[in-house]
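Student: Take a look at the letters that make up each chain.
Protein chains: 2
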Amino acid sequence: MIIDFEVMQILQNAVIIVSGGSGSRMQSEVPKQYMDVNGKAILVWTVEKFLAFDPQIFIVLVLADGHQDFWNPIKNRFFREREFIMARGGESRFDSVKSGLEMIKDDCIVGIHDAVRPMVSIETIKRCYDSAREFGSAIPVIDVEDTIRSVGAQNSNQVNRENLKRVQTPQVFAAHQIKEAYRQSYTIEFTDDATVYERKFNSVKLVEGNPENIKITKPVDLKILSILLS
Amino acid sequence: MIIDFEVMQILQNAVIIVSGGSGSRMQSEVPKQYMDVNGKAILVWTVEKFLAFDPQIFIVLVLADGHQDFWNPIKNRFFREREFIMARGGESRFDSVKSGLEMIKDDCIVGIHDAVRPMVSIETIKRCYDSAREFGSAIPVIDVEDTIRSVGAQNSNQVNRENLKRVQTPQVFAAHQIKEAYRQSYTIEFTDDATVYERKFNSVKLVEGNPENIKITKPVDLKILSILLS
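One line per chain: the protein sequences are F and E, in this order. For reference, each letter of the first sequence is one residue, going 3 to 232 in my numbering. For reference, each letter of the second sequence is one residue, going 3 to 232 in my numbering.
Do not take every clue at face value.
All copies of an identical chain are treated as equivalent in the list; a pair is satisfied when it fits inside any one copy or across any two copies.
What the hints assert, rightly or not - Mimicking DSSO-like on lysine-lysine, the simulated pairs with C-alpha atoms at most 27 Å apart in a straight line are:
no.	residue 1	residue 2
1	Lys107	Lys220
2	Lys107	Lys51
3	Lys42	Lys181
4	Lys220	Lys51
5	Lys207	Lys225
6	Lys42	Lys225
7	Lys220	Lys202
8	Lys202	Lys51
9	Lys181	Lys100
10	Lys225	Lys51
11	Lys217	Lys207
12	Lys42	Lys202
13	Lys100	Lys225
14	Lys225	Lys181
15	Lys225	Lys202
16	Lys202	Lys77
17	Lys107	Lys225
18	Lys181	Lys220
19	Lys202	Lys181
Keep in mind the hints are simulated off the structure, nothing from the lab.
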């Protein structure tokens, strides 16, 4: 399937929000994406960012088995009038994304975003979708601030951090391409969507992310998020 | 100068606390190391960690020109009975450390620590000094949690983050060795003390750091520090 540039301009935006994690690192019964921070579940903050970017965006929510009970009250309270397409999370992130992509039409621009990254900026989202519309792919990256060493069996060496970037989400693609890429068999190198995509299409486009776009994984991250939101 | 293993065991601990920064990233008149967080200046929290590790530790404080006015009231309030050796900060971090090393005797174990890393754990400090006593050097490192890409002129590639480590301070050394290393002429690759040391002595020993040991550089870091301290 070939989609030319002019068609790309009018393709609808879609996003797959991957919310499959069980939150084992949080020492909590409630998975982290459903935890309340400053009055709303983290997942609500995340969804609102994409709605602010494009109120018409097509949203697929990939939920882990049994998480419907966490989601339903959120849906009723914050998004009563809104349609969400639900997909079922798999064993791995790869399986969960694949499950979400089954709900996506070929002729759209689709982002894949971690439910636990509520601090993505609307500007970052826009840069990613604009760039994916033009180039077929876009992932947000930021500078590495720490001094970094590469560790080998015998020794370690300082790495020039100016050549390194930290990768965030949303990772955004021409839907027909990322769907094709996800038909490949899983390999251990597939650590994010960009690695799946570039195995098939050779490269991904990098765009500027925003440093606040942290992934909420540890208890202290909840407190940091609370500060960033206020 | 050769110092054998048995002598190493009884060498005194020393630390150079490098407090030369002018805090231009903080949008503030007060340099960040003197800012109050939870009732004490950041520099006080930092110094207290080293005193908790070893009450007898020899402390050299490298201050930027004009910062004596920030330091004097801190000294009077928190460390009235304590001796600090003062050294004058230079143009660059390399110059500042060199200035501090002039105050250090050859026969001790010396750590070099950023004043704005108050969350170093006492366990991290102990691991570094124990290891430097045994091997001549030790720097604390922690895992990289983000997905990392290496960016080239034409393309970018995912890097296996299991081979990467984030480097912290204190970086700790046999004093006679690090002093000898700092007699080398400055080159742009000297981004921390470990790179200066290993240019002369080939390698540095890595030990486990602690993730909370963040470097306070941006306004939001002050709020994160406040959470970590409480």
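Student: Starting from the hint list further up, note which numbers the structure goes against and sort them upward.
Tutor: Checked against the structure, the hints that fail are numbers 1, 3, 5, 7, 8, 12, 13, 14, 15, 16, 17, 18, while the rest are satisfied.
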